[in-house]
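Participant: The residues making up each chain are set out below.
Number of protein chains: 2
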Amino acid sequence: MKIVEGVEWAAHACAVLAGLGPGASLNAAALADFHRLPTAYMAKHLQALVRAGVLAASRGSGGGYRLARPPREISLWDIQAAIEGPEPSFRCQNIRRQGPCARFTSAEVPCDVACAFLAADAAYRAQLKTVSLADIARQVGAKYGCEGRARFADWARRQGTA
Amino acid sequence: MKIVEGVEWAAHACAVLAGLGPGASLNAAALADFHRLPTAYMAKHLQALVRAGVLAASRGSGGGYRLARPPREISLWDIQAAIEGPEPSFRCQNIRRQGPCARFTSAEVPCDVACAFLAADAAYRAQLKTVSLADIARQVGAKYGCEGRARFADWARRQGTA
DNA sequence: TCCATTGCGGACAAGTTGTGTCCGCTTAAA
DNA sequence: TTTAAGCGGACACAACTTGTCCGCAATGGA
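Order-wise, the sequence lines are chains H and L.
Number 509 in my numbering belongs to position 95 of the first sequence; there are no gaps in the numbering.
Number 460 in my numbering belongs to position 46 of the second sequence; there are no gaps in the numbering.
To be clear, the hints were calculated from the coordinates, so they are not data collected in a lab.
Small disclaimer: the values here were computed from a predicted structure and weren't measured.
Hints should not be assumed to be uniformly reliable.
No copy labels: a pair is met if it fits in one copy or bridges any two.
What the hints assert, rightly or not - Straight-line alpha carbon distances no greater than 25 Å define the calculated DSS-like cross-link-like pairs of lysine-lysine that follow: (1) 557 / 543; (2) 416 / 543; (3) 543 / 458; (4) 557 / 416.
Using the sequences and the hints given, assemble the complete structure.
Facilitator: What follows is the structure, given as structure tokens:
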């Protein structure tokens, strides 16, 4: 059970947008460069975030990505689901329906093993949903301190005119 | 974030052993055959369960696998960890330590994004740990009914003498 | 002692998935 | 019209999962 690395990229990219304030927008090159990540692949993830309704994109000159909703209404689960898909981690293959005792298992009643794993999955998602981009942006901002925030704003300003 | 299929195999195989009662033992071929799974690959998973201390093996003629502890003391997390390893699903690559604002992040203080994902991971594991093999065996046994349990015992008896 | 049975571990092959690049297309502003 | 930007598909490479096979070691019975 491993999370794809793109989820980390996406979370940090969204956190950058959240830290910039309402309506702020950056293009893929800027969002990739902030963490020194390959632009083309970051762009793929950003497009996935758009398809999932987490980000909104505007095309053409001066275009870029912005949050589709207020940071408070975007959870880390929204971001993970955008990148990896919302399917549960456990995929029941119904192996219990094979073998000498198969006929004592029902197709309707779900498998007990699957139920337990799906419950754990639900606990995972519930926990992730309690953390919003607003929380992350606040925590990161606090760690940056005054100088960090100034530097961050400075970098963002340069991106608009680059 | 996908669980490898072997976890399902391992969980059901352990459930079979738990359903057989204390001290019961089956070889890899029998455990694979019960769910019509490839013996060689099932054997690999059983060996992993032994390495993790979930099962105990005895070699040679008449050998096989048995639970290393009472079913009540084996959780589904023990089984998943045996097959996939106990590492958390989120692996922080510390991408925040790169780029224009990298120097405002500390190497000691953990990343906020990583903390949130690790907390979700902990919730997942905590939930899985609440389900023991004894729970699973009881639920499966109840669904089998009288006839199913008799058939199951019958099959198990034949495995010993095959 | 010899042999059949069984688990153990490594090597290997094939298929799937994740990572990353590139290119042509569309959109929009200057 | 040009330029900047997102969109999506094709492609290549790497890593991991799935699955098989083999020789070896251990155990019990003839």
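Participant: I want to check one pair: residue 543 and residue 458. Are their C-alpha atoms no more than 25 Å apart within a copy, between two copies, both, or neither?
Facilitator: within (24 Å within a copy, 37 Å between copies)
Participant: Using 25 Å as the alpha-carbon threshold, which applies to residue 416 and residue 543: within, between, both, or neither?
Facilitator: both (19 Å within a copy, 19 Å between copies)
Participant: When Cα atoms must be at most 25 Å apart, do residue 557 and residue 416 count as within-copy, between-copy, both, or neither?
Facilitator: Neither: 28 Å inside a copy, 33 Å across copies.
Participant: Is it within a copy, between copies, both, or neither that the alpha carbon of residue 557 lies no farther than 25 Å from that of residue 543?
Facilitator: within (23 Å within a copy, 35 Å between copies)
Hint compliance for this structure: hint 4 alone is broken.
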